[in-house]
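Engineer: Mapping the sequence shown onto full-length UniProt numbering, position 99 (from 1) lands on 99, and the numbers just tick up by one.
Derived by calculation from the structure, the hints in this document are not laboratory data.
Treat the hints loosely; a few may be bogus.
Unchecked claim - Each computed SDA-like pair below joins lysine to any residue, with the alpha-carbon atoms no more than 25 Å apart:
| hint | residue 1 | residue 2 |
| --- | --- | --- |
| 1 | K52 | S194 |
| 2 | K200 | G34 |
| 3 | K159 | N94 |
| 4 | K200 | E163 |
| 5 | K200 | D152 |
| 6 | K200 | T160 |
| 7 | K52 | I175 |
| 8 | K200 | D181 |
| 9 | K211 | D57 |
| 10 | K200 | I167 |
| 11 | K200 | R50 |
| 12 | K21 | T58 |
| 13 | K21 | A204 |
| 14 | K159 | Y123 |
| 15 | K211 | N155 |
| 16 | K21 | D83 |
| 17 | K211 | R47 |
| 18 | K52 | V213 |
| 19 | K21 | E118 |
As the list claims (entries may be wrong) - Label-pair ranges, simulated between beta-carbon atoms:
| hint | residue 1 | residue 2 | range |
| --- | --- | --- | --- |
| 20 | I210 | E145 | 34 to 44 Å |
| 21 | G66 | T18 | 28 to 38 Å |
| 22 | T18 | S183 | 37 to 47 Å |
Where a beta carbon is used, it is the ideal one built from N, C-alpha and C, also for glycine.
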Amino acid sequence: MNEKDTEINISPQDTTATVIKFLALGDSYTEGTGIEASGNWPNQLVRRLRSKEFVVDTLAIIARSGQTTGNLLNAIRSAEIGDFNLVSLQIGVNNQFLGRPFETFEVEFNQLLDSAIEYSGSYHQVFVLSIPDYGVTPFGATESETIAQEIDQYNAYIKTVCEQREILYIDVTSISRELGDGSLALAPDDLHPSAYQYSKWVDAMMPDVIKLVEKLE
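Generate coordinates for the entire structure from the input sequences, incorporating the hints supplied.
Structural biologist: And the structure:
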């Protein structure tokens with residue numbers, strides 16, 4: 001971890017329960033660019049899990065605005081990754097935005113998934129979020145159709161890989177499209193999701209994430 005990575009240690013309330021140590025890997029959508037860190041989806045997920053009496057001891061976030069798959073690979077290779085039993089991955093939007101070769105994404109996404117499995121200890125302890133559609137925002141409005149098509153291509157690949165490797169895949173793209181550029185949907189930068197939108201992501205992922213964490217050892 002470096003000085004900009006987020007790590008939160010919380011005293012467990014029940015030492016007999018499985019202690020969740022959560023590592024979130026990603027880009028601006030995991031970091032929560034444009035809003036307070038407490039409003040990003042990993043922090044909201046931790047609070048929601050704790051409200052359901054799950055014990056979350058650690059949350060670490062390795063995520064940066066603008067990161068491609070290659071950038072994230074470099075970040076985790078240079079970080080000292082601790083002991084985790086739950087790992088999330090959400091990456092790819094900047095590969096699309098920068099027009100990087102799709103083949104590069106395919107290779108590097110699988111490398112990141114391999115790393116996530118290694119860090120968590122099992123593919124059953126990893127979950128992957130889809131890429132939201134920023135074409136619905138004012139920033140992407142002039143190229144909304146192209147953005148939507150390319151985001152769909154990336155997400156189709158991500159979903160297929162997750163299905164093949166029996167990894168939990170969570171769709172948040174449909175939520176981003178449903179909320180669009182509504183008054184509560186976006187951060188003040190009119191590009192990234194608001195804390196409210198992230199709360200809707202957490203609503204969507206909670207049932208499946210609960211099933212996942214209930215199986216942690």
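Engineer: Are the hints correct? Go through all of them and say.
Structural biologist: Here's how the hints hold up against the structure:
For the suggested pair K52 and S194, the alpha carbons sit about 24 Å apart, so the restraint of at most 25 Å is met. Pair hint K200 plus G34 holds up; C-alpha atoms about 17 Å apart against a cutoff of 25 Å. Among the hinted pairs, K159 with N94 is consistent with the structure: their alpha-carbon atoms are about 18 Å apart, no more than 25 Å. Restraint check for K200 and E163: the C-alpha separation of about 23 Å stays at or below 25 Å, so the hint holds.
Of the pairs offered as hints, the one joining K200 and D152 holds, with about 20 Å between alpha carbons and a cut-off of 25 Å not exceeded. This hinted pair checks out: K200 and T160 have alpha carbons roughly 24 Å apart, not beyond 25 Å. A C-alpha spacing of about 23 Å is found between K52 and I175, which places the hinted pair at or below 25 Å, so the restraint holds. For the hint linking K200 to D181, the alpha-carbon distance of about 15 Å falls within 25 Å, and the restraint holds.
For the suggested pair K211 and D57, the alpha carbons sit about 19 Å apart, so the restraint of at most 25 Å is met. Our distance criterion of 25 Å between C-alpha atoms is met by K200 and I167, whose separation comes to about 21 Å. Using a Cα cut-off of 25 Å, the hinted pair K200 and R50 holds, with the two alpha carbons roughly 17 Å apart. Between the alpha carbons of K21 and T58 the distance comes to roughly 5 Å, so the proposed pair stays at or under 25 Å and holds.
A hinted pair counts as satisfied when its Cα atoms are at most 25 Å apart, and K21 with A204 qualifies at roughly 21 Å. Simply put, K159 and Y123 have alpha-carbon atoms about 15 Å apart, close enough for the 25 Å limit, and the pair holds. About 23 Å separates the Cα atoms of K211 and N155, which keeps this hinted pair within 25 Å; it holds. Of the pairs offered as hints, the one joining K21 and D83 holds, with about 7 Å between alpha carbons and a cut-off of 25 Å not exceeded.
Among the hinted pairs, K211 with R47 is consistent with the structure: their alpha-carbon atoms are about 17 Å apart, no more than 25 Å. Proximity of K52 to V213 is assessed by CA-CA distance (about 12 Å); at most 25 Å being required, the pair is judged to hold. Between K21 and E118, the direct Cα distance comes to roughly 14 Å. Compliance with the 25 Å bound is thereby established for this hinted pair. Under the hint 34 to 44 Å, the C-beta atoms of I210 and E145, about 36 Å apart, fit the expected range.
Between G66 and T18 the beta carbons are some 35 Å apart, a value that agrees with the proposed interval 28 to 38 Å. In this structure the supplied range 37 to 47 Å holds for T18 paired with S183, their Cβ-Cβ distance being about 40 Å.
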